[in-house]
Every structure is written in C-alpha cells, then in structure tokens.
Amino acid sequence: MNSLPIASVGPVMRKEFRQIRRDSRSLIFMIFLPAFLLLMFGFALNFDVKHIPLAVVDQDGGRISRELAEKFRTTEYFDVKAELDRTGDVDGLMARERIKAALVIPETFSEDLLAGRSPSVQFLLDGANAMSGTTAAGYAAAILQSYSQKITLEAMERRGLGGLTMPLKTEVRVWYNPELKSARFLLPGLMAFILMVILTTSTAFSIVREKERGTMEQINVSPLRPAALIIGKMIPYILISLASAHLVLGLGWVLFGVAVKGSYILLLLTMILFLISGLGQGILISAITRTQQVAFLISVLTTILPTFILSGFVFPVRSMPAFIRLVTYFVPAKYFLVALRAIILKGAGLGAFWDQVLFLAGFGVLTLALSVVMLRSGGEDGRKRGRGAR
Amino acid sequence: MPEYSIEVKSLTKRFGAFTAVDGISFAVGRGAIFGFLGANGAGKSTTIRMLCGLLSPTSGTASVGGFDIDRQPERVKRVIGYMSQKFSLYEDLTVVENIRFFGGVYGLAKRAIDLRMPWVLEMAGLQGRERSLTRTLSVGWKQRLALGCAVLHEPEIVFLDEPTGGVDPASRRRFWELINELSERKVTVFVTTHYLDEAEYCNDIRLIHAGRIVAGGSPRELKDEVIRNPILEVASDRAVDALETLQKEPWVLETSIFGTSLHVSVADEEEGRRLIRERLAGAGIVPERIDRIVPSLEDVFIHKIEEQSGSRGSGEAAP
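Here the protein sequences come in this chain order: E and H.
Just so you know, we're using my numbering here: the first sequence kicks off at 17 and counts up by one.
Just so you know, we're using my numbering here: the second sequence kicks off at 40 and counts up by one.
Since the hints were made in silico from the structure, they are not lab data.
Hints should not be assumed to be uniformly reliable.
[Said to hold, decoys possible] Covered stretches of chain E (in silico footprint by chain H; criterion: 3 or more residues with CB under 8 Å from a CB of chain H, positions within the stretch not fixed):
hint	stretch
1	34-41
2	219-231
3	237-244
Cβ coordinates follow ideal geometry from the N, Cα and C atoms, glycine included.
Construct the complete structure from the given sequences, taking the supplied hints into account.
Next up, the structure:
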C-alpha cells in the first residue's frame with residue numbers, strides 16, 4: 017500500500033526493455049536505421065561537384081589554345097573525356113551523357129589574342145541538373161578569368177610594361193570550398209533529424225500498441241500513475257537513442273572526418289534535452305491516436321517535415337519569411353541544431369548557445385507535462401468514444 | 040469493515056444525449072459472486088468502468104471497498120482486481136514476466152511476487168510453461184493467467200468484464216471453479232456475462248437493459264418470483280409456424296423460440312395444454328410433446344425485457 021510512484025517506474029522500465037529486446041525489428045530500426053540514413057544522406061546530399069566529364073573542341077590548335085585547354089585538364093573539377101574537331105559532335109556526346117560540359121576554342125583564338133582583340137571562348141553546359149550545371153559554370157568562369165589575366169599580364173610585359181602587377185588578383189575560388197565538405201554541415205542536422213524521427217515514432221508506437229492490445233486499460237485500472245508509466249517508458253528509449261546517436265557520431269568521424277570539437281558533456285546534455293522533447297511529442301501523438309497506422313502517419317508528418325525544412329537543417333532560418341520564421345520557434349530541432357553545430361563544428365562553450373539549451377529544456381518540460389495530462393484525459397475520451405460506438 | 044463490498048446509489052452516466060447507465064442502485068455483499076447481466080450496449084461495461092475509477096459518473100454515488108469511486112479513485116484501484124474479455128496480458132512477455140510486471144505495478148515487492156508466483160502458476164495450470172511467451176498459450180490458459188495477474192495483489196474485490204468470451208466450454212467450467220474458490224476466500228466477484236447459463240453460478244444477479252436494472256435476486260428467487268405462470272415447452276419440427284399460430288392467441292401470455300421448441304407461458308397448465316393442442320391441430324401441426332418446464336434464467340429475462348419494452352408476446356396484461 018501507498019508505495020511511492022517512483023517505485024513503479026522499475027517494473028515498467030524492465031518490461032519495456034524486454035519488449036524492445038524481443039522485437040528485434042524495432043531495435044534494428046532504432047539503432048541501425050540512423051547510421052544507414054547518415055550514410056545515405058552523407059553521400060547523396062553532397063553538394064560538392066568534381067570530375068565533371070568535359071569535351072574539348074580545340075579548333076585553333078595553336079600553342080596558346082593548348083595552354084588554355086591544359087588549365088582545364090589539370091584541375092580536379094574537370095575530367096577531359098574527349099577531344100573533338102567539330103562542335104557538332106558535342107551534341108551527341110552530351111545526349112548520351114558521356115560529357116556534361118564542352119569547351120570550344122574557336123579557330124581565330126590565337127589570332128585575335130595576338131592582334132589585341134578579345135577572343136571569345138564558348139563553354140557548353142548540360143543544364144539538366146541545374147545544381148551541378150551552375151557549379152560547373154562557376155568553375156569554368158573562374159579558370160577562364162584567371163587565364164585571361166595571365167595573358168593580359170604577358171601581353172603587357174611584351175609591350176615593355178614589365179614588372180607590373182595587377183591591382184586585383186583573382187584566384188580560382190569556388191563557392192563550395194572543397195575543404196568545407198557538405199557532410200560537415202549535414203551531420204548535426206542529420207543527428208537531429210534521425211533522433212527526432214526514430215524516437216518520436218517509436219514512443220508513439222509503444223503507447224498506441226498498448227492501447228490497441230488493451231494493456232493500457234489494464235494499466236489504467238491499476239494504481240500505476242501516468243507519470244511513472246511515462247518515465248518508465250522514457251528511460252529505455254532515451255538510452256537506445258543515445259546509443260544510436262553515438263553510432264552516428266562515430267560514423268561521422270570515421271567516414272566524414274567530423275570530430276566533436278567542443279565539450280562532450282555539453283553535447284550529451286543537449287542531446288538528452290532534445291530527446292526528451294522528442295519523447296514528449298511521441299507521447300502526445302499517442303494520446304490523440306488509437307491505431308498504429310495513424311500514429312505513424314502523424315509522427316512522420318510532424319517530425320520529418322519540420323525537422324528537415326524548418327530547423328535550418330537544409331534551408332537557413334534567417335532567409336525564411338517572417339511567418340515561417342515564427343513557426344520555427346515550435347520546432348525543437350531548430351534549437352538543437354544551433355547548439356549542435358556550435359559544439360561539434362565550432363567547439364563553442366555554453367555561453368554561445370545557452371538560450372538554445374534553455375528553449376530546448378522548456379520545450380521538453382512542456383511536452384512532457386502536456387503528455388501526462390493528455391494520457392489521462394485522452395485515455396478517458398478514447399474510452400467514451402469506444403463505448404458510444406458499441 | 041463495511042457490510043457491503045460495493046454499494047451503488049442512483050448511478051448515472053451520460054455521453055452527450057445518450058444515457059448509458061440510468062440511475063441504477065444495488066449493493067453487493069462480501070464474498071458474493073455478483074452477476075451483472077445484459078446484452079452488448081446495455082450499460083454493463085460503462086458501469087464496470089465507473090466502479091473501477093476509470094470513468095466519472097454523471098450523477099449518483101458508488102463506493103467500492105469502502106472508497107468513493109469519484110473522490111477516491113486511486114484508493115479504489117488498490118483494493119480491486121480487474122480482468123476483461125481481452126485478457127490484457129503482454130503477448131511478447133513470458134508467463135513469469137507478465138506476473139512480475141503486474142505484481143510490480145501493484146507495488147508488490149519482489150519477495151511478495153515470488154511467494155505468489157507458485158499459486159498463480161498452479162491456478163492457471165501453467166507449471167512447466169513459465170518461460171513460454173504468452174502469445175503461444177491457448178485462450179483458456181491466457182484467461183486463467185489474466186485472472187491470476189488480476190488477483191496477484193490479493194484484492195478484496197475482483198471485476199471480471201465478460202471473462203469467458205471466446206473460451207471453450209471446458210475452460211469456462213474450469214474458470215468458474217476458480218471464481219468459486221475466490222468467493223470461498225471471501226473475495227467479492229463482480230462478473231458480467233452474456234452467457235445466461237453462467238448466471239446460474241452466481242449468488243446474486245442484476246439484469247441491466249437499456250441502462251436500467253430490470254430484474255434482480257438469486258437465480259432461485261428470480262425463477263420463483265418473476266415467473267409465476269407455468270411455462271410449457273412445445274416440441275415440434277415446425278416450431279416457427281407453431282410460434283406464429285400461438286402468438287395470436289389472447290390466452291398465451293408469452294412465447295419464445297428455443298431451437299426446435301417453443302416456450303409458451305400460460306395462466307393454467309391443464310387448460311394451456313388443451314388449448315395448445317387444439318389450436319396447433321387447427322393449423323395442421325401435431326406437437327411431438329408438451330412438457331411443463333422449470334424456467335431457465337433466459338425465460339426470466341425474456342419475460343422481464345418484454346415487460347420493460349411493453350411489447351408482450353400476447354396482448355394480455357400481466358397477471
């Protein structure tokens with residue numbers, strides 16, 4: 017009699033661990049799917065463009081034109097796949113996707129240059145993939161610009177203006193700095209995304225399953241308090257998600273070279289806070305749904321979309337319209353992401369993102385408190401509706 | 040110690056415009072096997088849910104084990120056990136794990152659970168299957184295990200909501216033996232069922248129909264007091280035709296059909312026999328036999344429900 021509510025957390029937790037262990041599919045879902053997603057996204061969401069297959073049509077064939085072509089040959093951005101005589105052949109190769117770009121140096125190139133006229137060079141691009149197309153155009157423009165500067169300087173030297181330096185020195189600088197690999201930006205976002213989706217879905221499932229099977233009713237008639245039930249369910253899922261998060265961190269380090277620069281304790285703290293809000297959301301979803309299918313649908317809609325679009329994972333929050341920016345305040349992943357990027361990439365201390373942690377904690381407390389209330393009253397509502405239907 | 044385990048006064052529950060339970064009152068003595076009977080949707084489950092502290096009544100009061108269900112639902116939950124037709128066990132846990140979990144939920148210490156374990160296993164006949172996953176057990180086993188889990192913490196009162204649904208007759212019999220054992224230990228058993236033959240096992244019965252209690256008493260009392268008129272069983276292979284013929288007669292108080300025979304309620308046995316033969320002969324039906332029978336509870340309830348709905352088998356008023 018009158019045992020403290022905390023005492024009944026133990027049996028719930030042990031039961032939950034046993035159930036998760038027996039259900040090997042969900043265990044794999046929770047631990048390995050995140051790692052798998054990291055691999056998928058890490059390699060697929062790669063905005064770096066390199067080794068673009070290129071054809072060179074050198075109609076001039078002189079020393080200078082060959083020198084220009086050489087510039088394209090020696091960079092890692094382009095791979096010269098074909099050397100053609102006629103511009104007409106470019107079409108066929110591009111249609112068959114053998115090449116993505118072509119450099120056409122006209123017959124009069126050397127002549128124009130020596131005569132002091134501005135020669136034009138044609139750069140043809142496969143625009144089917146807008147993203148890599150623009151990137152390739154950027155590389156080409158940069159290479160051509162640096163080459164044209166070199167020629168200008170040489171010409172001036174020849175005219176006796178030796179020793180002159182250009183007031184502005186341009187280097188081949190690509191918008192996508194190859195040193196800053198996409199994976200480095202993506203890793204924190206992926207962590208948030210993966211943890212949120214997996215955790216929310218699993219929690220919602222574990223409770224809705226109890227409703228479907230009737231075990232929730234058995235628990236409701238027992239003296240077990242909703243808070244004890246929620247805490248007992250939370251602990252196993254938080255531990256498993258933490259394990260999963262560490263797997264993602266490890267893979268990020270091994271495969272993408274993303275090491276944690278900042279404090280590990282801070283990282284753990286923000287992760288736990290974030291996980292609590294994800295759990296709370298899962299419990300809230302389970303309170304308003306009665307079948308696993310609906311729970312799954314709502315979990316996916318309320319986690320994948322906001323975490324992907326509204327958290328700053330892919331699109332910067334700063335550049336969103338005011339209204340959408342307002343909405344992002346309700347996406348816990350947003351706070352998590354800022355804190356995570358600060359810890360992992362910049363190695364910043366708590367001072368740099370304490371407000372984010374505060375928001376995250378507030379969010380966690382709010383969803384948990386709401387879910388305790390909802391679990392009780394929502395359960396009763398469900399039963400009322402169930403009765404009416406019979 | 041209160042005289043009654045459960046006391047219900049004018050208990051009412053409305054869902055919007057629908058009145059599921061309409062001002063019912065009754066009391067259940069300690070150690071009684073109390074049968075709460077009625078069709079699906081009659082208000083049985085709503086009543087049980089209110090008594091278990093899951094639903095708040097719209098009006099009226101009830102006490103369970105001496106605690107008010109509306110003001111002290113948490114106290115109520117500690118003194119009751121509950122088991123429903125769904126046998127809410129964790130299918131992916133083993134027999135022992137289920138027992139440990141429910142013991143833990145009721146705040147039993149590990150030692151206390153260990154002490155109760157052999158009793159539950161023996162009661163459910165699950166010795167040797169302790170490590171089996173619950174989903175691999177037959178329905179009868181699950182049912183007994185669910186009962187074992189519901190009484191692990193030795194509650195004063197057990198609520199059984201249609202516990203025998205979907206169980207074979209042999210398991211049902213065995214289950215009722217367990218209920219009798221509980222009753223002998225002074226545990227009050229509140230059981231709902233729509234199997235009327237099971238109601239014969241109860242010491243006290245209430246029949247609920249459309250949210251109201253329409254009959255109550257022990258099975259004996261119900262049969263003796265409610266059915267004052269003799270009931271004749273008319274066996275015929277043309278039972279439906281016979282029913283149609285007799286229903287029209289003013290001297291027939293009630294008729295109902297049970298397979299290939301009719302139950303006909305009449306004011307006088309000899310007169311009834313004569314009239315039945317005469318009328319059926321007129322319709323070309325020769326009954327195989329006509330016997331006076333001891334009314335079953337089913338006869339009682341048909342009588343009561345028809346009386347309640349005002350649509351009697353015959354047009355004559357009740358005597």
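Going down the list of hints, with the structure as the test:
no.: 1; hint: 34-41; in the structure: holds (count 4)
no.: 2; hint: 219-231; in the structure: holds (count 3)
no.: 3; hint: 237-244; in the structure: holds (count 4)
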